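Participant: Read off the chains here:
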Amino acid sequence: MYLKSAYEIREKYLRKDMLPTIFCPGCGIGSVLQFTLRAIDDLGLNQDEIVWVSGIGCSSRVPGFVNFDGLHTTHGRALAFATGIKLTNPDLKIIAFMGDGDAAAIGGNHLIHAIRRNLDVTVILINNFTYGMTGGQVAPTALKGLKGTTAPYGQFENPFDIAQLAVSAGANYVARWTVFNYLQGINSIKKALQKEGFTLVEFLSPCPISFGRRNRMKTAPELIRWYQKITVPLAKAKKMSPEELEGKIVIGEFADRDRPGLVREYREYIKRAKKMMGWEE
Amino acid sequence: MRYPFPVGKADFIQGDEAIARAAILAGCRFYAGYPITPASEIFEAMALYMPLVDGVSIQMEDEIASIAAIIGASWAGAKAMTATSGPGFSLMQENIGYAVMTETPIVVVDVQRGGPSTGQPTLAAQGDIMQSIWGTHGDHTLIVLSPSTVQEAFDFTIRAFNLAEKYRTPVVLLTDAEVAHMRERVYIPNPDDIELVYRKLPQNEEEAKLPFGDPHGDGIPPMPIFGKGYRTYVTGLTHDERGRPKTVDAEVHERLIKRIIGKIENNKHDIISYEKFELDDADVAIVSTGIVSRSAIRAVKILREKGIKAGLLKLNTIWPFDFDMMEELAEQVKKIFVPEMNMGQLYHLVKEGANGKAEVELISKIGGEVHTPMEIVERVVG
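If you read the sequences in order, they're chains A and B. 7 is the number of the first residue of the first sequence in our numbering; add one for each residue after it. 323 is the number of the first residue of the second sequence in our numbering; add one for each residue after it.
Okay, chain B solo, but in the shape it has when bound:
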């Protein structure tokens, strides 16, 4: 297989470009999108690469159509992705719910910008944390990953596809304008060295007849692809194991929703990923995600130089959230600081996790700039 970019070596590229290349290497062969700053470069790269690898890249009439098209593509057997920013992500929410309900593996990239509404198109923000987790209506769950470097943007994109396929669920790659537009050295691995996951397919007629059942007891039904003769009916209505609408049966609804949530929650230790810096003996913890983590790492170093035992917990997965781990951390430290580029979205999750075992303080910054390390240091020193 020939690739339209160098593989097995490092390159100096933007975050958006890294996401596009990673998607191609992850096996994505269908991209549908609608241009929006600061996510457009993902689309532009996909438009350039996709025809060369016999994939599809299509500019739809809006974001609603874009996510609809990738869900259709996924049911036709493709690994599929779309990318957008806050306002477009809001438009996609209804169909994110549809993908959750129909257990469709897709990857949705949200490159955050300042909001609400059209807000600050060209500046960075982390205001979509809540939207990425809880944007769609009803009881549901999905997976949200958050990279802080261009290399992570690359690596997490591959992971996003793997998790989507493994758990038959939509995965959101939540990044921001800083990571999207920054150029960094990225190692693009040889395709043979990348571990890829593919969705479970039905192994026999019995499994094919239950596209929303649980034949393996892990809550993840094999996914029958259209055109294979299984005659699968897929609906966003509450449905039974065979996919038949059962909209007024409380028991069927409860069983379906609990399984969809359970397949993520029961595997959260496989899904959740975080990194700890200097946390072993820390009295003060900083919890952050995305681009802010990079200032936070520097802040920890400065604080250590000042003799303050600070450490950082960098969340690579925002959802599912490890509330137990957060409580353990709160039991260990005296205080937790949460620097984030919004008015306090991750803060609420951390506070709930800390469960009153430690004081949790928000270090909020909005307007388009990332916290400087000293801004975090000054707040910690008090």
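Looking at chain A on its own, in the form it has when it is part of the complex:
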């Protein structure tokens, strides 16, 4: 396992003519992309049977760099597009690469309903607390007090906990890691890709250029240290009081269950319809 060099992964899965990527120095998206490609490679999935969908934002540019079918859609709507692809051709495996703003702000409604339906899709969510592409505005995941160009005095709203939201809405698999949890990250993506229904792996990812420099963390190492400080593993968090958890982010696996996915539910629905109409026994 994991013996393949990054070079081999790049040769096999990236579109060379699209390189270099648009990502800034110190950005975590490339790491998460590598985790995802390694998970695909390790599982031996067929490259031609995977479709990458995305909305708008830095992380949503990922499908352009990988050599798969890809649909780079409108802001926040990736999962709605994915619904049409998956129900039309259930043989296709769908990976949605999304950012925090894309998934939780403009796409919040599509996110909760895709989870409610248990749409068969794996969401890889890059959470960097900021809108990197438009220059560092606050995201709905931004912790209180964090600065962005639209909250220059520090965020005054409450943040969304996307992983917890996904658990509550009914996702089959939900995990959250930082981009520095290399093995856990890859293993979670592998689990997510093998499951039916809605699966989501969230990554706390550094954005030194748009986010870090406005929050006194101008380099990736500074952000690494900060993530180490604010994250708490799930097992440890269970023993902590709400006061102790204030301002912390829990990482780990939050849901792992096997509710039937939308494709299976719809196939049953077709059978029921034909039976009710007397077309089939």
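Some hints here could point you the wrong way.
Taking lysine-lysine and the DSS-like style, the derived pairs with C-alpha atoms no more than 25 Å apart in a straight line are [unchecked claim]:
#1 A:22 - B:531
#2 B:657 - B:679
#3 A:201 - B:550
#4 A:235 - A:224
#5 B:657 - A:18
#6 A:22 - B:657
#7 B:531 - A:18
#8 A:22 - B:550
Just a few of them, taken from the derived set where beta-carbon distance is under 7 Å, the chain B residues facing chain A [claimed, not checked]:
#9 390
#10 395
#11 416
#12 437
#13 554
#14 556
#15 557
To list a few chain B residues with every Cβ distance to chain A over 12 Å, as calculated [as the list claims (entries may be wrong)]:
#16 326
#17 445
#18 523
#19 539
#20 579
#21 581
#22 616
No lab work stands behind these hints, which were simulated from the structure alone. Note that this is a predicted model, so its numbers are computed, not measured. Just so you know, even glycine gets a beta-carbon here, dropped at the ideal spot from N, CA and C.
For chain A, the structure is supplied; the task is to place chain B on it using the hints.
Facilitator: Only chain B this time, still in chain A's reference frame:
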């Protein structure tokens, strides 16, 4: 293939129902929607029929998701449709632009109601003509069809799918509450007698590598379907022939947009459809579309009885618009009247087409009722 409704014979059905049946016969196998008056019956019929023909009918969380889902379905290989009314159609505009830019064949039905905003949900209007043509941002074009009877609602729906597939473009079926809810006798043809068009697929690797190119010189690239191993990248950003984003290259943008507009404009005589009644010797022309055409036909008959040489031009296609034909008409007649159920949307197109060769007068009516024939007659007589 078994159908969940009678085929090869006439039935007495609503316009919305006719659109749903036509879509099924046109090969539509993916429907996503969000309920809205007066378009909901299309959805309800699709919900009933789709599972029986192994198709998908799904109620999405809103109109934005509905059109997004059908675009996704189209890239996965399905003929796909959604239906809505004015407010929902407004929500869909961003993704209509996406479908134009990515050259995705889809059919969007807009059953017009009184607006703006939530307006008059249960009453008829023709206030979405401009929205259907120019609702999305940027330079673009698409196709808009407008039926005036339940039979036309059926026939134009099949045509909408055929045009969408042929030109790889979104097609809007623009109808209204009157056509949607009225019951009329409709002939539902035998499926074998319906001529269906399917999108061009890549014939070789070379074509598959250029999903936004022009290998046949007709401006319409073959469409590689997801999952066939072509590894196509589709983006709403300005892209080159291979689909790679090229957002700051003026030349690439101009080439792309001009081709997308050109593939419709260069074929407008194949797309444009209209009917002429008593126009050969007419001094006065009435130009109308949709439900108002039916009052206008009666008005022409009454005017002829009064000795006024009136004729009607009924537009079945609203866009693309035949400006040249309109100028020829203006050269022939003394005056053109445009009765429509809004404050003057078709009127502007007709006036531009007439190019000053004849006087153009708007006969506007709003509030939810169709013009009576006498209302048109009185205005023409003056």
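Participant: Determine for every hint whether it applies to the structure shown.
Facilitator: Verification of the hints:
1. A threshold of 25 Å between alpha carbons decides the hint, and for residue 22 (chain A) with residue 531 (chain B) the separation of about 15 Å falls inside it, so the pair holds.
2. For the suggested pair residue 657 (chain B) and residue 679 (chain B), the alpha carbons sit about 9 Å apart, so the restraint of at most 25 Å is met.
3. The suggested pairing of residue 201 (chain A) with residue 550 (chain B) holds, with an alpha-carbon distance near 23 Å, which does not exceed 25 Å.
4. As the CA atoms of residue 235 (chain A) and residue 224 (chain A) are separated by approximately 16 Å, the hinted pair is consistent with the 25 Å bound.
5. A distance of roughly 68 Å separates the Cα atoms of residue 657 (chain B) and residue 18 (chain A); the hinted pair therefore is violated under the 25 Å criterion.
6. Between the alpha carbons of residue 22 (chain A) and residue 657 (chain B) the distance comes to roughly 63 Å, so the proposed pair goes past 25 Å and is violated.
7. For the hint pairing residue 531 (chain B) with residue 18 (chain A), the CA-to-CA distance comes to about 18 Å; that is within 25 Å, so the pair holds.
8. Straight-line distance between C-alpha atoms of residue 22 (chain A) and residue 550 (chain B) comes to about 21 Å, which keeps the hinted pair within the 25 Å bound.
9. For the restraint placing residue 390 (chain B) at the interface with chain A, the shortest Cβ-Cβ distance is roughly 4 Å, inside the 7 Å limit, so the hint holds.
10. Given the 7 Å rule on beta carbons, the hint for residue 395 (chain B) holds: about 4 Å separates it from the nearest Cβ of chain A.
11. Against a cut-off of 7 Å between C-beta atoms, the interface hint on residue 416 (chain B) holds, since the closest Cβ of chain A lies about 6 Å away.
12. The interface hint given for residue 437 (chain B) is broken, as the beta carbon of that residue sits about 23 Å from the closest beta carbon of chain A, more than 7 Å.
13. At its closest, the beta carbon of residue 554 (chain B) sits 5 Å from a beta carbon of chain A; the interface hint therefore holds under the 7 Å criterion.
14. Using the Cβ-Cβ criterion of 7 Å, the hint placing residue 556 (chain B) at the interface with chain A is satisfied: the shortest such distance is roughly 5 Å.
15. A distance limit of 7 Å between C-beta atoms decides the matter here; for residue 557 (chain B) the minimum to chain A is near 4 Å, and the interface restraint holds.
16. For residue 326 (chain B), the condition that its CB be more than 12 Å from all CB atoms of chain A is violated, with the nearest at approximately 7 Å.
17. The Cβ of residue 445 (chain B) sits about 29 Å from the closest Cβ of chain A, beyond the 12 Å cut-off, so the non-interface label holds.
18. Non-interface status of residue 523 (chain B) relative to chain A is upheld: no Cβ of that chain comes within 12 Å, the nearest being about 15 Å off.
19. Distance check for residue 539 (chain B) against chain A: the nearest CB is about 25 Å away, which clears 12 Å, and the non-interface claim stands.
20. With a least CB separation of 18 Å from chain A, residue 579 (chain B) remains clear of the 12 Å interface cut-off, as annotated.
21. A cut-off of 12 Å between C-beta atoms confirms that residue 581 (chain B) is not in contact with chain A; the least separation is 20 Å.
22. In this structure residue 616 (chain B) is separated from chain A by more than 12 Å, as the shortest Cβ-Cβ distance comes to about 36 Å.
The structure is inconsistent with the numbered hints 5, 6, 12 and 16, although it conforms to all the rest.
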